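Please build the complete structure, drawing on both the sequences and the hints.
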Amino acid sequence: PQDNLLTDFEEPKYQFVGFWPRFGALFIDGIILMVFGYLITMVTNEETNLLLTIISGLTPILYHGILEFKYGATLGKMALGIKIVNYELQPPTINNILLRNLIYFAIQILSLSGDLYSALSNGNSTNPFEFYSNFDGLFTGAIILATIYLISRIVIYVIEIVFLVSDEKHRSLHDRIGKTYVVRNRY
133 PQDNLLTDFE
143 EPKYQFVGFW
153 PRFGALFIDG
163 IILMVFGYLI
173 TMVTNEETNL
183 LLTIISGLTP
193 ILYHGILEFK
203 YGATLGKMAL
213 GIKIVNYELQ
223 PPTINNILLR
233 NLIYFAIQIL
243 SLSGDLYSAL
253 SNGNSTNPFE
263 FYSNFDGLFT
273 GAIILATIYL
283 ISRIVIYVIE
293 IVFLVSDEKH
303 RSLHDRIGKT
313 YVVRNRY
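When we follow this note's numbering, the leftmost residue of the sequence shown carries the number 133, and every step to the right adds one.
No lab work stands behind these hints, which were simulated from the structure alone.
Quick caveat, the model's predicted, so the values are computed rather than measured.
Hints are not guaranteed to be accurate.
DSS-like, lysine-lysine: derived pairs with alpha carbons at most 27 Å apart [what the hints assert, rightly or not]:
hint	residue 1	residue 2
1	K311	K202
2	K145	K301
3	K145	K311
4	K301	K202
5	K311	K301
6	K202	K145
So this is what it looks like as structure tokens:
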């Protein structure tokens, strides 16, 4: 059977989403996670510090992983009408989501491990770098470690932004790793 020739000239169903809508979704997600963290700390006490540390560290990982796999979007993306799709413009697979969030999950797990170490070694301490603060000198271990962590986050964000704004389909580094796009429905 002959195909309808007009289908080759139809407008694409999706529009690739650039920096500002994605930043807006990230901002909304940050507020949601911050409120959740605040509520968790309100209902816990000092005896549950280790549990609180684990919950706070795993919540962002689960939030992004589960929502992006199940719905193709976090609550921030949903609020702005954008979603994640794979390169075939289909809902992302679990592999797409895991690969897409690999860098984010790794940073979150490193942060959680520091928090857990601190909680286990110092009782109720919430400073993950406290162990390193016993070093003498102008640059304590805590300052050095915090600086390395901060610089690595900044470098990752700069790389992400460069990829995002220089690509015609607005793919950042994590989109390329996970073979995904962030899109908005045209209709």
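Hints and how they fare:
1. A threshold of 27 Å between alpha carbons decides the hint, and for K311 with K202 the separation of about 17 Å falls inside it, so the pair holds.
2. For a cut-off of 27 Å, the pair hint linking K145 to K301 stands: about 14 Å separates their Cα positions.
3. A hinted pair counts as satisfied when its Cα atoms are at most 27 Å apart, and K145 with K311 qualifies at roughly 19 Å.
4. A hinted pair counts as satisfied when its Cα atoms are at most 27 Å apart, and K301 with K202 qualifies at roughly 23 Å.
5. At roughly 12 Å between alpha-carbon atoms, K311 and K301 fall within 27 Å of each other, so this suggested pair holds.
6. At roughly 21 Å between alpha-carbon atoms, K202 and K145 fall within 27 Å of each other, so this suggested pair holds.
Comparing the model with each numbered hint stated earlier shows that all of them hold.
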